[in-house]
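Undergrad: The two chains are supplied separately, each in an independent frame; assemble them into the complex guided by the hints.
Chains A and B, in that order, are what the protein sequence lines are. When the letters of the first sequence are read in order and numbered with the numbering used here, they come out as residues 1 to 285. When the letters of the second sequence are read in order and numbered with the numbering used here, they come out as residues 1 to 303.
Just so you know, the hints here were simulated from the structure itself, not pulled from any lab data. Where is the CB? At the ideal position from N, CA and C, for every residue including glycine. Take the hints with a grain of salt, since some may be wrong.
[Claimed, not checked] Restricting the straight-line Cα-Cα distance to at most 25 Å, the calculated cross-link-like pairs of lysine-lysine (BS3-like) are:
1) A:K188 x B:K55
2) A:K269 x A:K188
3) B:K55 x A:K216
4) B:K289 x B:K174
5) A:K219 x A:K243
6) A:K269 x A:K235
7) A:K130 x A:K87
8) B:K55 x A:K126
9) B:K289 x B:K269
10) A:K243 x A:K269
11) A:K219 x B:K55
12) B:K248 x B:K289
[Claimed, not checked] Going by beta-carbon spacing under 7 Å, a handful of chain B positions derived as facing chain A:
13) T11
14) L15
15) R16
16) R20
17) G23
18) I54
19) I66
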Amino acid sequence: MPANRFNGFTELGIGIGLRIPHYRHILSKKPTVDWFEIISENYMCDAGRPLEVLDDILEQYQVIQHGVALYFGSTDPIDREQLKRLKALVQRTKTPFLSDHLCWGSVDGTYTHDLLPTPYTFASAKNTAKRIREVRDYLEIPLIVENVSSYAEFHASEMTEWEFLTEVVERADCGILLDVNNIYVSSKNHDFDPYEYLNNIPHERVGQMHIAGHTKYEKYILDTHDHPVLDPVWKMYAHAIRKCGPTSTLLEWDANIPSFEEVHREALKARKFLNAVTETAVQPA
Amino acid sequence: MIRARTKHRQTLAELRQLQRLAGAVIMRPLSRRWRMQRTWTDHRDMHEVTAEFIKPNSRLSSLERIEIYNRQYWFRLIDSFYDDFPGLRAILGRLKFNRLVREYLTEHPSTSYTLRNLGRFLPAFIGKRPELVSPRFDLALDMARFEWAQVEAFDGPALPPVTVDDLLGKDPAKIRLSLQPYMSVLQLRFPLDDYLIRLKKTGLRGEASNAVEENSPEKSRRKPRSAIPRARETFLVVHRLDNSLFYKRIDRPAYRLLTSLNRGTTLGKAIKSAFADPPDPELIREWFKTWTELGWFCKPTGR
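Pulled out of the complex, with its shape left as it was, chain B reads as follows (with noise of 0.2 Å):
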């Protein structure tokens, strides 16, 4: 062990008080121009306040040098935005969309170690603040719905399937089931899937070693570009099969059907609500064949 050169040794009281400080500075959003905002939030130069906690050296103020943090950090999250929500991206358009990130991080800074849920609270954001995403507030937000919808199928957890045999012979008046937890039952006012696939590259999402971009996040990627979708309404299931993410079509009693089931109701019930008049037993069963092949239903989960 070495031993201290300076007087005042700092305590883990300090350490915390500094990290807190140079956290608040790293994560406080930029200007305009991608550079760290030159007052500090009691109006005080930021230099003056840099100064206070980071070594200048001969080419770089202390500014300076905490910028870099203050740059990557947000090139790296509204990276990670470009990667989970290219679709809304391309309907609000690069400054619009760099802007509701900025606001969402604001209040929404990321609480987990993994970057994979960071937007999960983004569709919920845009209903609270519609004037960031206007005057496309509906299509933007069934688009971030839908976006969410995908991370979740991509890798989210999986239950045993119920089968076809597990459901014979059972009465429909108490049978429950629920749909896997990585599914999303969407109803949209826009036909996104037919957009999105337009857009959309394949691409995973992957979190490097120790390494930083010297771009900012428009510098460094292409712009989406796809015709704006008319509206139509659309009732989509955003789920994985075999590991690969699909979106599948289907029709209102459907949807009522699967999203009656997964709230906790019987299937007989669900059957009854799902349609104005009594359905044909075999589209019934069609559908279930279907359903039960595509591992989509489980034992009831409560959620």
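Same shape as in the complex, but just chain A (with noise of 0.2 Å):
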């Protein structure tokens, strides 16, 4: 099931983010992982020593690509420059499939740098997923869309966030990659059951999963990327797990990054869940 055509029929496994303070452990050591995941932005220059240091780790490793600026619900033109260096980058990683972001977050070809939450109104259901198609067609690969945290909802909203969701990527017929901290985030932030939202997205759509930690405040949780994963994420990772079947996922840790070995043993708690799925669904009858 976790292998589709949104994913480019993949089964990874459990993968980490790929970061500067990693590289010398990475190519020294030469760990076993079963994928990094990139983001596309630190690579789409022309030279110097990014694109050295990930052709080393394509030597080595199978590399997805993840990108936080295609802003798919931005109603500005899509910038083609941007696009061209990204076939590039993907030519390069030969990804099998790419993701990026359910959000907005340039206007009027100003960049705000953000993963903005885009009011959940048809108008912009309409105007993401034709820009989801827009950028797949170019380049040709499959293309899964990310939720993200948000700490603002819109008055204009037209329905939720997971029926937003779902209305984008069956108009783009293109997959999900399910983050569940941010779910769990936006639940908090926006009082409403998690559960739900897991319960009514179109599963068969989902090609990865996102894990990682969030920072709790007075007021809202913070998605900080910064801890390890907290036990309600886990228990909502369990659930999407048995919902939509043992998926590639990735922990994220951004922020105050520990050691190699800690990220990817945070990142390891993963496979009891993965396994548990698998071998339920092995038992004879």
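TA: Set out below in structure tokens:
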């Protein structure tokens, strides 16, 4: 089930984000890791050290591209130079599919460099789906879109976030990168039941999952990616895996990054949930 | 597909207007206490403005919710300047640097999908707004140029290098060469290479996925310290070799020669213009041997 047309029919296992503090360890120790996720924009340059490191990593590992700047929900025309560079990187990494976020971040050619929630409206869903199709047609690889964590909601919204996600991916006929931590963060910030979200999305479209840590404040939760995954998120992840099947999963750890071993150990905790579903599936009736 | 529950459906034009408003609110400069400004551009209370498009919840007002994004925008972008211009920050101090960045971003908001290009207009901006870096205008301008040159050298494009063999037997009166696009040849009023080496810690830029910082920039960064350098004319080439960044000192004639070549002058004329008296041919040969080994030259690019 998790290998599907939205993730290039891959079953990758458990990956971690390729981050600068770990370069030396990875290149010298060559640890066994199922796959690495790279942030596309960090390697969409002309030359230099980033591409040298990437090429060294590509010699040893499967790399999946994840982007932070396509802003599918924006209403600006898509930047063709950006797409050109992204396609060159896709050809370099041979990523079987590509992911970016269900958000907007630029308007009138000005960029916020943030993953901003879009109002959940039909106009926005239609616009977002159109842009996803345009990008996919240009890149010629499958796309999956990630639900973002959010701290604000718009009066203009006409549906729930999970209805919006469904509307977009069905219109665009693309997959979902299900970020379980983001659902948890948003559910606390917006007072909805995260399990209702998990139960009401098209599970057959989920091509990958993200898990991460977050930070609790008195009045809201921030998606900081600077902690281990917290228990409520692991519980949601177990539920999501039961719904979607044993899906490729990535641990995000982007701030206060500990040693490579610690990050990898945290990521591998996902294995027991993946194995549990796999074992249940193969047990004789 | 689901059916709408509300009577009025948002149009694409309304979505665009909403993004314009939200974008303007999010990118608006923060107050001195790193909070959202309390009045809008038309002098209305920001509570009123934000309540028009953001829902409150039981714990946060509309303003407080969108303020999270307003703060993150500035924290993220100022942080990016801390990465790219640590020397300038050390020269100006935190408060003055933050004000410079705020004024700069107000005039030059990001127009690129990548943070890499954010500081490209900073040297020119300092030239236009000397009061923002007073009384260290010369030093600040030099440092901004030097640090932007490093951004370019880090991952800028490279062209196939011209080798010594390519030049052998050619008539200097006809040879034209360009410098690699990632290189900068700088005339500085201060020895900033030594100063920055003392300051700089190794580190590369990286954009993280979907993560936010909880602290304002001054809380999340240690303040770099080093004695401010005394004025001394310095000629530097900022370049890279084997994908590592280097600063190479050169003398005035070499500076003249390289900048002249890069303007499209022929090799013969560039050599003549670089020296008051006829130069030692051995010196020129030695320079070109070193420079071509470093891969500095490429075919004319017309830049």
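Undergrad: Hints first: check each against the structure and report whether it holds.
TA: Against the structure, the hints come out as follows:
{"no.": "1", "hint": "A:K188 x B:K55", "in the structure": "15 Å, holds"}
{"no.": "2", "hint": "A:K269 x A:K188", "in the structure": "24 Å, holds"}
{"no.": "3", "hint": "B:K55 x A:K216", "in the structure": "21 Å, holds"}
{"no.": "4", "hint": "B:K289 x B:K174", "in the structure": "19 Å, holds"}
{"no.": "5", "hint": "A:K219 x A:K243", "in the structure": "31 Å, violated"}
{"no.": "6", "hint": "A:K269 x A:K235", "in the structure": "12 Å, holds"}
{"no.": "7", "hint": "A:K130 x A:K87", "in the structure": "19 Å, holds"}
{"no.": "8", "hint": "B:K55 x A:K126", "in the structure": "23 Å, holds"}
{"no.": "9", "hint": "B:K289 x B:K269", "in the structure": "19 Å, holds"}
{"no.": "10", "hint": "A:K243 x A:K269", "in the structure": "19 Å, holds"}
{"no.": "11", "hint": "A:K219 x B:K55", "in the structure": "15 Å, holds"}
{"no.": "12", "hint": "B:K248 x B:K289", "in the structure": "15 Å, holds"}
{"no.": "13", "hint": "T11", "in the structure": "6 Å, holds"}
{"no.": "14", "hint": "L15", "in the structure": "5 Å, holds"}
{"no.": "15", "hint": "R16", "in the structure": "4 Å, holds"}
{"no.": "16", "hint": "R20", "in the structure": "5 Å, holds"}
{"no.": "17", "hint": "G23", "in the structure": "4 Å, holds"}
{"no.": "18", "hint": "I54", "in the structure": "5 Å, holds"}
{"no.": "19", "hint": "I66", "in the structure": "5 Å, holds"}
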